[in-house]
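K.L.:
Chains A and B supply the protein sequences, listed in that same order.
Under the working numbering, the first sequence has 21 at position 21, and the numbering climbs by one with no breaks.
Under the working numbering, the second sequence has 417 at position 417, and the numbering climbs by one with no breaks.
Worth flagging that the hints you see were computed from the coordinates, not collected in a lab.
Heads up, a few of these hints could be off.
Unchecked claim - Just so you have them, the derived chain A footprint on chain B, three or more residues with Cβ under 8 Å:
#, segment
1, 48 to 61
2, 146 to 156
To be verified - Here are the computed lysine-lysine pairs in the DSBU-like style, where the Cα-Cα straight-line distance is at most 30 Å:
#, chain 1, residue 1, chain 2, residue 2
3, A, Lys69, B, Lys192
4, A, Lys70, B, Lys132
5, B, Lys192, A, Lys70
6, B, Lys436, B, Lys132
7, B, Lys192, B, Lys436
8, B, Lys335, B, Lys436
9, A, Lys69, B, Lys132
10, B, Lys77, B, Lys436
As the list claims (entries may be wrong) - Label pairs and their calculated CB-CB ranges:
#, chain 1, residue 1, chain 2, residue 2, range
11, B, Gly320, A, Asp57, 13 to 21 Å
12, A, Glu117, B, Val202, 53 to 61 Å
13, A, Asn26, B, Asp440, 53 to 61 Å
Think of the CB as a built atom: it goes at the ideal place given N, C-alpha and C, for glycine as much as any other residue.
Spelled out from the first residue to the last, the chains are:
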Amino acid sequence: MVSTVLLASACKTVDPAYAEPAVITNPSAETTAELTEVVSTIFNDRPVTLAQDVLTDTNILTIQIAEHKKDGLPVMGRIEEMPRQFQLLKHEDDCYLYDSQNDTLYPLQTVECEPIELP
Amino acid sequence: MSTQHNSWANRLKILGFTSLSFILISCSSDSDSDSSPPTDEQLSWTQGVFEAEGTFKNFCEVPRTDTDIDGDPWPDKVGSTLHENHWLRSWSNNTYLWYDEIQDQNPANFNDPIDYFAELKTTALTPSGNPKDRFHYTYDTDVYEQLVSSGASAGYGAEWVLLQSAPPRDVRVAFTEPNSPATTANLTRGVKILEVDGVDMVNGSDVDTLNAGLFPDSAGESHEFLIEESGGATRTVTMTSAIVTTDPVQNEAIINTGSGDVGYLTFNTFGIVDAESELIDAFETFEAQGISDLIIDLRYNGGGFLAISSQLAYMVAGSGATSGRTYSQTVFNDKHPTINPVTGQLLSPTPFYSTSLGFSVNEGQALPQLNLSRIFVLSDGGTCSASEAFINGLRGIDVEVILIGDDTCGKPYGFYATDNCGTTYFTIQFRGENDKAFGDYADGFVIGGSDNGEDVVRGCVVADDFDHLLGDEQEARLAAALNYRETGSCPAVVTKSLHQAPYKPSDVYDENSLYNSQILRDRMFLKQNLILTEPK
């Protein structure tokens with residue numbers, strides 16, 4: 001990852017290669033709401049439901065299409081594709097949601113985070 | 001900045017990450033449809049003559065003017081219902097697994113594409129008399145494309161199971177999720193629901209209230225339940241719905257027996273990324289303990305990620321038995337023997353994956369392996385799709401699978417969710433086959449006294465036991481598996497818990513049958529996945 005990403009809402013540049021994987025340290029309804037808004041924006045304002053504890057144990061946020069059922073069974077019972085994943089990164093004192101597909105960092109205002117060691 | 005699309009990805013909506021391009025929704029863009037509208041001649045119907053599906057794609061009665069999930073404008077163009085019907089006809093003829101069993105009907109005779117789509121499938125029956133195609137669906141695309149963090153949904157964290165749909169109805173808790181409103185309210189497996197918000201669940205007729213209480217649309221809804229515990233005591237609980245995250249692997253245990261340690265786990269879904277890490281954790285424990293047998297409880301596992309089911313099979317059988325073997329080969333209709341008609345990619349078998357794939361564990365880490373030559377699977381009609389691929393994949397490499405419970409659902413098939421003009425269509429497009437090129441189990445894996453190497457599997461028919469928790473050694477199916485392991489025999493008295501009757505459409509159910517409610521039929525776990533004749 002070598003590109004430098006210009007943040008949409010801040011007049012500074014951050015290279016994701018120098019940001020660290022991180023987890024949220026202040027999970028709350030407020031942080032979940034902000035993350036939900038960011039993810040919804042990425043998906044062009046599609047409704048998104050996030051668990052309250054996302055990004056607290058892992059720096060990976062996985063987004064899937066919600067499970068739909070017919071006759072009590074999942075419609076898509078044989079999924080042959082990977083879901084889309086995002087990373088929580090920390091650079092200096094700031095936390096970002098990183099979308100590697102679009103190579104874009106989204107700064108998070110309410111989220112506090114701390115770096116984690118990846119196995 | 002760059003967006004990673006490969007050549008075929010331009011035809012598909014990408015919902016993938018970084019180095020890998022993965023599809024979730026097949027949604028052809030402008031590139032595979034002609035920009036010029038079909039001619040009158042192309043819109044005429046000649047039986048047995050089919051234009052290319054791209055001729056009609058995205059010509060819509062009501063074109064969408066907003067944008068798709070990637071932020072791109074929908075590729076819709078001004079068309080008509082007839083255009084949409086012609087696309088359905090040509091698309092089905094091209095990609096439906098049994099395209100040559102569709103009765104070709106004039107698209108102009110149908111005023112609603114969904115009605116026409118309902119006709120575009122085989123009417124053949126399986127050897128047992130069930131419809132050969134039980135998996136033919138549509139959704140509004142906006143409804144289908146709702147997004148969640150993996151495993152999250154609004155509810156109480158209780159899986160409801162409908163044991164009897166007509167009065168006197170019997171709705172129970174099948175299992176609960178940890179850290180959920182259901183566990184906070186001390187709901188446990190087997191609890192019977194007597195009332196919802198004052199409406200009689202057993203004999204009442206206000207199905208809308210029952211629906212609203214059982215299946216809240218969002219977090220924060222409070223509903224009151226009168227419940228009956230095992231033993232007959234009743235109490236009232238109020239639960240407030242919340243965003244609950246499903247825990248796919250539960251009740252991991254090692255059962256000590258006189259003939260060696262036996263591993264057990266309840267595995268309720270392949271469709272959540274955490275399943276990868278939780279299975280690896282459990283199998284590392286089993287491997288360290290040196291278990292001699294394994295019992296996997298898939299009775300409520302309706303499938304999910306095929307790759308995780310492949311990983312699970314590898315961890316059971318080990319590298320020696322799986323190296324170079326096929327876990328699942330995708331087979332399309334005979335028009336597409338080598339190329340996936342949806343992705344354009346060369347068809348290649350899914351292997352037994354021996355490493356983590358990045359679902360929830362960093363990619364490339366070696367998986368634990370138990371090197372077992374047999375496995376016990378606790379099964380039911382809810383054991384479906386990727387769960388059945390797991391059974392079939394292991395049988396393809398001569399790992400003995402012993403089924404305890406009831407026959408599986410019978411879905412060796414798959415499809416690509418495909419949008420056209422705002423409706424997402426699901427039509428069976430491929431079948432999965434194992435290393436022995438077997439994938440013909442439309443009636444499920446059937447429990448028998450012997451094994452025919454195909455769809456009849458040795459094991460015991462044992463009724464689901466709602467008087468014991470899953471993972472309890474006294475639970476009837478787990479107890480039967482442990483007994484079978486010791487003695488090779490099934491429990492003395494076993495009968496099928498419910499008669500599996502041929503499918504019948506919902507409009508012929510009794511007036512007070514819960515099956516008359518589409519929401520209940522869709523969302524409640526039915527005892528056996530097939531629609532059953534109402535017990536009287």
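K.L.:
Hint by hint, note whether the structure agrees.
P.N.:
Hints versus structure:
Requiring three or more residues with a Cβ within less than 8 Å of a Cβ of chain A, the coverage given for the segment 48 to 61 of chain B is violated, as only 0 such residues are present. For a cut-off of 8 Å, the count of residues in the segment 146 to 156 of chain B with a CB near a CB of chain A stands at 9, and the three-residue condition holds. For a cut-off of 30 Å, the pair hint linking Lys69/A to Lys192/B stands: about 22 Å separates their Cα positions. Proposed proximity of Lys70/A and Lys132/B is supported: the alpha carbons are some 16 Å apart, at most 30 Å.
As the CA atoms of Lys192/B and Lys70/A are separated by approximately 23 Å, the hinted pair is consistent with the 30 Å bound. Restraint check for Lys436/B and Lys132/B: the C-alpha separation of about 22 Å stays at or below 30 Å, so the hint holds. At roughly 44 Å between alpha-carbon atoms, Lys192/B and Lys436/B are farther apart than 30 Å, so this suggested pair is violated. Among the hinted pairs, Lys335/B with Lys436/B is consistent with the structure: their alpha-carbon atoms are about 22 Å apart, no more than 30 Å.
Our distance criterion of 30 Å between C-alpha atoms is met by Lys69/A and Lys132/B, whose separation comes to about 19 Å. Taken as a hint, the Lys77/B and Lys436/B pair is broken in the structure, with Cα atoms around 46 Å apart against an allowance of 30 Å. In this structure the hint that Gly320/B and Asp57/A lie 13 to 21 Å apart at CB is violated, the actual value being about 34 Å. Under the hint 53 to 61 Å, the C-beta atoms of Glu117/A and Val202/B, about 55 Å apart, fit the expected range.
A C-beta distance of roughly 54 Å is found between Asn26/A and Asp440/B, which places it inside the suggested range of 53 to 61 Å.
Consistency with the previously given hints fails for numbers 1, 7, 10, 11, ordered from lowest to highest.
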